[in-house]
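At position 159 of the sequence shown the residue is numbered 159 (my numbering), and the sequence of numbers has no breaks.
Rather than coming from a laboratory, the hints here were simulated on the basis of the structure.
A portion of the hints provided could be inaccurate.
Claimed, not checked - For each label pair, taking beta carbons as the anchor points, the in silico distance ranges come out as: (1) Gly49 / Gly176: 31 to 41 Å; (2) Ala17 / Arg225: 44 to 54 Å; (3) Glu289 / Ala17: 47 to 57 Å; (4) Gly258 / Pro54: 33 to 43 Å; (5) Val281 / Pro128: 19 to 29 Å; (6) Asp278 / Ala198: 31 to 41 Å; (7) Val281 / Arg152: 35 to 45 Å; (8) Pro288 / Thr4: 39 to 49 Å; (9) Gly258 / Ala13: 39 to 49 Å; (10) Glu289 / Ala27: 34 to 44 Å; (11) Ala198 / Arg52: 31 to 41 Å; (12) Gln263 / Pro108: 42 to 52 Å; (13) Gly176 / Gly2: 25 to 35 Å; (14) Asp278 / Arg225: 39 to 49 Å.
For glycine and all other residues, C-beta sits at the position ideal for the given N, C-alpha and C.
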Amino acid sequence: MGTTAEVAVADPAALAAARRAVERELALIDLACSRFRDDSELMALNSAGGGRMPVGPVLMDALEAALHAARVTGGAVDPTIGAALAAAGYDRDFAALPADGPALRAQPAPGWRRLRLDRVRREAVLAPPARLDLGATAKALASDRAADAAARAAGGGVLVSLGGDVAVRGRAPGDGWPIGIADDHRRRGPVPTVLVRAGGLATSSTTQRRWRRGGRTVHHILDPRTGLPAAPVWRTVSVAAASCVAANTLSTAAIVWGAEAPQRLQAAGVPARLVAEDGQVLTTGGWPEDQD
1 MGTTAEVAVA DPAALAAARR AVERELALID LACSRFRDDS ELMALNSAGG
51 GRMPVGPVLM DALEAALHAA RVTGGAVDPT IGAALAAAGY DRDFAALPAD
101 GPALRAQPAP GWRRLRLDRV RREAVLAPPA RLDLGATAKA LASDRAADAA
151 ARAAGGGVLV SLGGDVAVRG RAPGDGWPIG IADDHRRRGP VPTVLVRAGG
201 LATSSTTQRR WRRGGRTVHH ILDPRTGLPA APVWRTVSVA AASCVAANTL
251 STAAIVWGAE APQRLQAAGV PARLVAEDGQ VLTTGGWPED QD
């Protein structure tokens, strides 16, 4: 997935079992959903030319999560941005991207309604020219699935973080798991922290997966209406919700919504923390004041 993976347990004796469970889930998600390996189910669906394709249970769950995200965000999170991401230069693992390339051109997403699922027959149809990228939901789904599996294996409280997409299950230690909030999940040193006892927490940021095209810096969160990087209003949005998928759906959508994001997040009834391009912090939904 091109990111870090962390697992924590309330009972240290259960760590090895929890880690094995997380590794199994990550392998399943990668084989089902990766855009960067030729043998993934997702790549087979992208290449199916509009024909019906049988899909396994992991990809089916991931596709359903992607379609739900598109519906609840009014299309701000759209899985059919795969071609636009590739055209923007994000056509391989991020670490392998060239330093610069041709200038970007508008390439709107074909629209999430081009993906149709038949849960009974376990089939999917992707109408051309749509190509899928599940980056906005699959990693968060992996966190949820891995936390479920780790909690079963550990028999107690667990936390799983995949590149800052956090899912917790079971009884949390003390008052909750302390989670640092930063533009970069790998940052060390003092950062604002929150306590999470259940569900998920996700942070979407335009500051990390950045590269250059046509001499300009671009980022990986695209506006499906244009296929271009979302306008620079928020550099980081963090959301807490009942699951990591729900949290990441809204944090990603908030980057695309721009100035409308605080009102929309307030209407969704979720705690959120938004950091503007100039560093000013805005919170909604009862998100606690920053504490280092």
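Cβ-Cβ distance between alanine 198 and arginine 52: within 31 to 41 Å? The hint (31 to 41 Å, Cβ to Cβ) holds, given that alanine 198 and arginine 52 are roughly 39 Å apart.
So the hint says 25 to 35 Å: do the beta-carbon atoms of glycine 176 and glycine 2 match that? 29 Å, holds
Against the range 35 to 45 Å, how does the distance between the Cβ atoms of valine 281 and arginine 152 compare: consistent or not? Since the Cβ atoms of valine 281 and arginine 152 sit about 37 Å apart, the hinted range of 35 to 45 Å holds.
Supplied distance hint 39 to 49 Å, evaluated on CB atoms of proline 288 and threonine 4: 25 Å, violated
Between the beta carbons of alanine 17 and arginine 225, is the distance compatible with 44 to 54 Å? Between alanine 17 and arginine 225, where Cβ atoms are some 45 Å apart, the hint holds.
Tell me if the beta carbons of aspartate 278 and arginine 225 are separated by a distance inside 39 to 49 Å. 25 Å, violated
Taking the beta carbons of glycine 258 and alanine 13, is their distance inside 39 to 49 Å? 47 Å, holds
Using the C-beta atoms of glutamine 263 and proline 108, is the stated range 42 to 52 Å upheld? 24 Å, violated
Could one say that the CB atoms of aspartate 278 and alanine 198 fall in the range 31 to 41 Å? 33 Å, holds
Within 34 to 44 Å or not, the Cβ separation of glutamate 289 and alanine 27? 40 Å, holds
Determine whether the Cβ-Cβ distance between glycine 258 and proline 54 falls within the hinted range of 33 to 43 Å. With Cβ atoms ~39 Å apart, the hint holds.
Is the hinted range of 47 to 57 Å satisfied by the C-beta distance from glutamate 289 to alanine 17? 37 Å, violated
Hints 1, 3, 5, 8, 12 and 14, counting from the list given before, are not met by this structure.
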